[in-house]
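Taken in order, these protein sequences are the chains called A and B.
At position 17 of the first sequence the residue is numbered 16 (numbering that gives the first Met the number 0), and the sequence of numbers has no breaks.
At position 34 of the second sequence the residue is numbered 33 (numbering that gives the first Met the number 0), and the sequence of numbers has no breaks.
Since the hints were derived computationally from the structure, they do not count as laboratory data.
There may be inaccurate statements among the hints.
No more than 27 Å apart at the CA atoms, straight line, and that leaves these computed lysine-lysine pairs for DSS-like [unchecked claim]:
no.: 1; chain 1: A; residue 1: Lys68; chain 2: A; residue 2: Lys129
no.: 2; chain 1: A; residue 1: Lys68; chain 2: A; residue 2: Lys101
no.: 3; chain 1: A; residue 1: Lys68; chain 2: B; residue 2: Lys31
no.: 4; chain 1: B; residue 1: Lys31; chain 2: A; residue 2: Lys120
no.: 5; chain 1: A; residue 1: Lys167; chain 2: A; residue 2: Lys68
Derived CB-CB ranges, DEER-like [to be verified]:
no.: 6; chain 1: A; residue 1: Thr175; chain 2: B; residue 2: Leu76; range: 18 to 24 Å
no.: 7; chain 1: A; residue 1: Leu148; chain 2: B; residue 2: Val17; range: 26 to 32 Å
no.: 8; chain 1: B; residue 1: Thr37; chain 2: A; residue 2: Trp163; range: 28 to 34 Å
no.: 9; chain 1: A; residue 1: Glu176; chain 2: B; residue 2: Ser65; range: 18 to 24 Å
Glycine is no exception: its CB is placed at the ideal position from the N, C-alpha and C atoms.
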Amino acid sequence: MLNELDQKKLFHPTNSENQRQLYPFLENLPGGGLIWIVFWLEILTFALFFLVFAWIGRTDRTVFIEGQKLLHPLLATLNTVVLLTGSWWVARAVFLARSPEKISAWLYATGLSGFLFILIKSWEYTQIFKQGISLSSSIFWFFYLFLTLLHLAHVALGGVIFIWLGWKSSSERLQTETLEAAAIYWHMVDIIWLILFPLIYFTR
Amino acid sequence: MNFTHRESSLNLQVVWGVLLPLTLGSYLFAEKMNSVSTVNAIVLLLALVKIWMILSEFMELRRRSSGILVFTFGFFLVMVTSLILLRLN
Chain A
0 MLNELDQKKL FHPTNSENQR QLYPFLENLP GGGLIWIVFW LEILTFALFF
50 LVFAWIGRTD RTVFIEGQKL LHPLLATLNT VVLLTGSWWV ARAVFLARSP
100 EKISAWLYAT GLSGFLFILI KSWEYTQIFK QGISLSSSIF WFFYLFLTLL
150 HLAHVALGGV IFIWLGWKSS SERLQTETLE AAAIYWHMVD IIWLILFPLI
200 YFTR
Chain B
0 MNFTHRESSL NLQVVWGVLL PLTLGSYLFA EKMNSVSTVN AIVLLLALVK
50 IWMILSEFME LRRRSSGILV FTFGFFLVMV TSLILLRLN
């Protein structure tokens with residue numbers, strides 16, 4: 000005989016149970032379905048911009064090569080290390096959240112890595128703007144500033160989210176799905192940069 | 000509690016330890032190498048390797064949802080290949 004709870008589950012499955020019955024491959028997806036919709040929307044949008052950037056780079060080679068000479072690839076490499084380190088810290092926080100260990104320090108560290116990225120990038124922007132470059136200087140600079148500022152806005156949002164989660168986790172236990180969703184967002188920001196970094200700074 | 004999904008946090012440290020030299024390697028390779036086509040292909044392929052490691056280990060897709068891992072990585076493979084082709088001389 001089914002007890003009352005089992006009967007409710009059988010005849011009124013919850014949204015996530017419904018989701019699992021309809022889409023079994025989603026069963027174990029970290030962070031839940033919503034963050035993956037965000038993930039794909041963001042990735043598809045940036046992918047389109049990357050392809051347009053590479054396509055225009057074929058036709059305006061001289062403008063692109065001259066523009067790239069003014070960039071700071073070493074700073075971009077340092078920023079990649081910062082983002083990858085943040086990704087490692089948040090992955091560690093997700094892992095530790097499954098035990099009774101405190102994770103707030105790891106979440107704060109991830110948020111701060113985002114702000115360090117912004118600091119380094121701001122210094123690079125300052126060097127570029129000092130040379131009188133703006134969005135309208137050339138097609139290369141339009142794409143460089145548009146893509147990197149769009150990415151920077153995502154880093155800033157991630158930084159705020161992780162500082163807030165760090166503060167929240169010091170007083171209460173975070174829901175696994177919330178933490179995993181935030182982690183997926185951070186890794187997405189990292190992945191976008193991993194393509195942006197060689198595409199803008201190194202490929203010619 | 001779901002410890003079976005991850006052998007230990009040491010894995011994460013190892014992955015991070017591999018990602019850093021790959022990143023520095025991209026920089027050094029691009030700075031030293033003269034062949035534009037080779038640089039374009041290698042730095043983008045190194046990015047693809049790093050993306051695989053993040054999807055598989057940091058995002059836990061290898062253990063949590065291998066179907067989504069294959070699909071997502073397949074997408075990045077197509078995208079990076081297209082970028083390499085567009086950047087070829």
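- Item | A:Thr175 paired with B:Leu76, Cβ distance criterion 18 to 24 Å | violated (30 Å)
- For the pair supplied as a hint, B:Lys31 and A:Lys120, confirm whether the alpha-carbon distance does not exceed 27 Å. holds (24 Å)
- Query: A:Lys68 and B:Lys31: Cα distance at most 27 Å?
  - Reply: Distance ~15 Å between A:Lys68 and B:Lys31 Cα, so the pair holds.
- Query: Holds or violated: 18 to 24 Å for the Cβ distance of A:Glu176 and B:Ser65?
  - Reply: holds (20 Å)
- Hey, A:Lys167 versus A:Lys68, does the alpha-carbon distance stay inside 27 Å? With a Cα-Cα distance of about 44 Å, the restraint between A:Lys167 and A:Lys68 is violated, given a limit of 27 Å.
- Query: Does A:Lys129 lie within 27 Å of A:Lys68 when you go C-alpha to C-alpha?
  - Reply: holds (15 Å)
- Could you see if the CB distance from B:Thr37 to A:Trp163 stays within 28 to 34 Å? Taking Cβ atoms as reference, B:Thr37 and A:Trp163 lie about 44 Å apart, which means the hint is violated.
- Item | 27 Å limit on alpha-carbon distance, applied to hinted pair A:Lys68 and A:Lys101 | Given that 27 Å is the threshold and the Cα spacing comes to 46 Å, the pair is violated.
- Go ahead and decide if the range 26 to 32 Å is satisfied by the Cβ distance of A:Leu148 to B:Val17. holds (30 Å)
Hint check: violations occur at hints 2, 5, 6, 8; the rest are consistent with the structure.
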